Amino acid sequence: MEYEAVIGLETHVQLKTRSKMWCGCANEFGAPPNTHVCPVCLGLPGVLPVANDEALRLTVLTGLLLHCQIPGRAKFDRKNYFYPDMPKNYQITQYDQPSTANGWVEFEFAGGLARVRITRAHLEEDVGKSFHFERHSGVDFNRAGVPLLEIVSEPDLRSADMAHAYLTAMKDILVYGGISDCDMEKGMVRCDVNVSVRPRGETKLGAKIEIKNMNSFSGVRRALDYEIPRQIAVLEQGGRLAQETRRWDDPAGITEPMRSKEDAHDYRYFPDPDLMPFEPVEAWLTEVKARVVELPLARKQRFIHDYQLPAGNAEVFKNDVPLGDYFERVARQSSNPKSIANWVINNLRARLAEGTTLAGLKFRPGSLIELVALVEAKTISTSAAQQVFAEMFDTGKAPAQIVQERGLAQVSDASAIEQFCDQAIAAHPGPAADFKAGKAAALNFLKGQVMKLSRGKANPSLAGEVLERKLKP
Amino acid sequence: MLNRLTIADLADRLARREVSSRDAVQACLDQIQRVDGELHAFLHCDADAALAQADAADAARRPHAAPAGRPLLGVPVALKDVIAVRGQPLTCGSRILEHFIAPYDATVAARLKAAGAILLGRLNMDEFAMGSSTENSGFGVTRNPWDTSRVPGGSSGGSAAAVAAHECIAALGSDTGGSVRQPAAFCGVVGLKPTYGCVSRYGLVAFASSLDQIGPITKTVRDAATLMQAISGHDPLDSTSVPRPVPDYAAVLTGDVRGLKLGLPREYAAVGGLDAEVRQAVDAAVKHFQSLGAEVVEVSLPHAEYAGATYYIIAPAEASANLARFDGVRYGLRVEGADPLEMYSRTRGAGFGAEVKRRILLGTYVLSSGYYDAYYLHAQKVRTLIRRDFLQAFEQVDAIVTPTAPTAAFKIGEKTSDPLQMYLADIFTVSCNLAGICGVSLPCGFTANPKLPIGLQLLGKPFNEATLLRLAHAYEQTTPWHREIAPLG
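If you read the protein sequences in the order shown, they are chains P and R.
For what it's worth, my numbering labels the leading residue of the first sequence as 46, then goes sequentially.
For what it's worth, my numbering labels the leading residue of the second sequence as 0, then goes sequentially.
Just chain P, with the same shape it has in the complex:
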């Protein structure tokens, strides 16, 4: 029997705010333990939470980017459980009235577009971090109270690769929106996975198994690559699967049981009486809506459509936003955006990698347009253009000036080219004979020689034509 996996993801993302969710402490990674703490985030007796408005804005902005509904009323609830890293022994979260609901995310997968429904993106608080030493444990509360967004997907994912593609797309969106830096190394993104398997064609869901403790997207993929075959094997051997929570052991590359349904927590959610329900007003919403950015996929599709770019180039500009923005600034004024894209990706990007920034470029954007126009008009050859670009990058001189100073104008004069061709054929009788004997590739060698003799100025296609004519039987 053939099986399919049904996967839903819960993604926790730390929001990019200056201060924590309920107090003024800095939201900053990497400070010495317990230096970003105060009575509020330590849960001292008598303190009260005050909601961080920027966190609320970023939550709603996320909802807008994920095509969610923004309910007129959201509230905060207490999720009760004891854990040493949780100062109040309850976590403030949004239980049944989240800030956003019912959206979707679209991303490229398996040669097409995949759409995954988003159940909700809700706001909650992060907890502290436990450290275990030889004889005792310690807790760092710097992270306690950092605003955390939980993005819950519907069980629309069908494979480990698809889950990976979803997470990558989600990360791109959140980085684009300025919602989170999504730095995995700093624990800014964490995932829980719900996965079940069922015979293909079956509509009922199998027993839901939750996997925790993956700390990278590839960890999610590897955990699913392990867990899906494990579940299928259990069913194929006539076994039964029961709802449980499993833990991913990354070094060992396996999942192992953590707790069964019977041991599941009763979190005793109830509305937090310390916080008023949140009802966004129109002006506030308008402000958030103004921060909606173009989604990564839309940008890529627009680049392909508007500038006739190959998907690969558009992908580069999707991933490198400043470079793409630079391209667009230039391309809008150019009649040949495709060539601009090639120059930006193949030449400019390589030189930028050496340490120059876009803001520090010596040449004007117009120079790139001029360079492409010179090539297009066959004033200079593509190889001469390489020289022009190099000098333009180094000195900021205009291409026309460089061409003139270095005498790089292309030779299209037939008699001059005839001469170079004759010289090339005479100097290389072997390849000439090869071409005559039917080895078409030999022509390229001879063409190269003509370019060499002309110091790159000969019009290459003209040279090809002349050579071909001369060598024809």
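Bear in mind the hints are in silico, worked out from the structure with no lab data behind them.
Where hints are given, some of them may not hold.
Quick list of simulated restraints, FRET-style, between CB atoms [stated by the list, open to error]:
| hint | chain 1 | residue 1 | chain 2 | residue 2 | range |
| --- | --- | --- | --- | --- | --- |
| 1 | P | Arg285 | R | Asp372 | 28 to 34 Å |
| 2 | R | Lys260 | P | Val337 | 42 to 48 Å |
| 3 | P | Tyr126 | R | Arg243 | 34 to 40 Å |
All values reported here derive from a predicted model rather than from experimental measurement.
No residue lacks a Cβ here, since even glycine has one placed at the ideal position from N, Cα and C.
Assemble the complex: chain P is given as a structure, and chain R must be docked to it using the hints.
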């Protein structure tokens, strides 16, 4: 006998430099020295620190200059041990916080300091404000200054007893279901429960967050108005505090109540266990109001009878989460265990008293999966109905009159074996917190033998403390009760 003065009189004599704050604080310290061994209203009082504050206040009072905006300059005020004052103990009457020192100021503490008050010490209470007699304190019972074999009421029993015994000029308590008003009634002083959202809760250790309010306990209505002026108003640190201007409370104390309408709830006439002397005193008070020109009508609060049941679901539910932070991990008592769970159990087992444990269990139960709808959700719906009852009644009347408690102060130990009997002591007060309205208790007479104070409760519209104060003041100024001094006073 400076300790016997009201805020108004002391502030007046301080302003005229007839007396010093040091003298006033010393008078309170002497009285504490004299009576608190028996009374046990104070859990902590640092005499040197209090005198140092007094000296600073005296120094701040420049000759012939009224201290602008510091109406409490040099006035000794004591706080219930559930309100944080930086550098002072904050035990909440619980062993679990026995050695805890608050590292920050509650908003009300900061406001009292800004107004110039001397924060004299910490007052006893039922553990985490759970109780009606102060017998649930982890540090021993407080006695009633009118009869030391009796309770002072609770949970702010220490606050009411200290004011009644003139150990301080005024005090703050907290009121979740009557914890300011009922002890004020038992001790013959004035206790005001402000409208929810009127006074910041920041720095008040939460019992039931949606019901808790800090309120003044004072010798006179005018003093309650003065303290309200100092502590109320919007606080950005408390999301439930309401941004609205604070009225001039003193300005309404005109003595004129003509034309005001008082409502008598029909349902309360039928309450069982209402003491005959209490009933008589309240009836007489109503007549007195009529003689002052107020109108009296009957009103109906049809859901009043469910207030107790509703309260004992909502308050413990919130408390079960609020008290979860006392786990031995970061502060307070810790009893070691083999793993965190064992440490939690041992710490909380040893640190919490029986009533606190009972309410945590109750609250945990009513929030549990499968019971939530039947208990917590249902209680919230009833709460809405109770609030609606009051708001409807307030369309007809300016205030509602009831007894504060069904009886005068009861004997220590009389109700400790029966929690349900104890809960009935709150029968007239809890609905005020559920409805989020304001209420005040003031002396309206005494029982004959033994002589014990009786409290009259006035309930008012949301954010209409001014009307309550006006009514209470007019009554007080035309009756003798507030001038009586307790045997231990």
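Evaluated hints:
1. Arg285(P) - Asp372(R): 28 to 34 Å: holds (32 Å)
2. Lys260(R) - Val337(P): 42 to 48 Å: Once the Cβ atoms are compared, 55 Å apart, the range 42 to 48 Å for Val337(P) and Lys260(R) is violated.
3. Tyr126(P) - Arg243(R): 34 to 40 Å: Because 37 Å falls inside the window, the suggested range holds.
In this structure, the one hint that does not hold is number 2.
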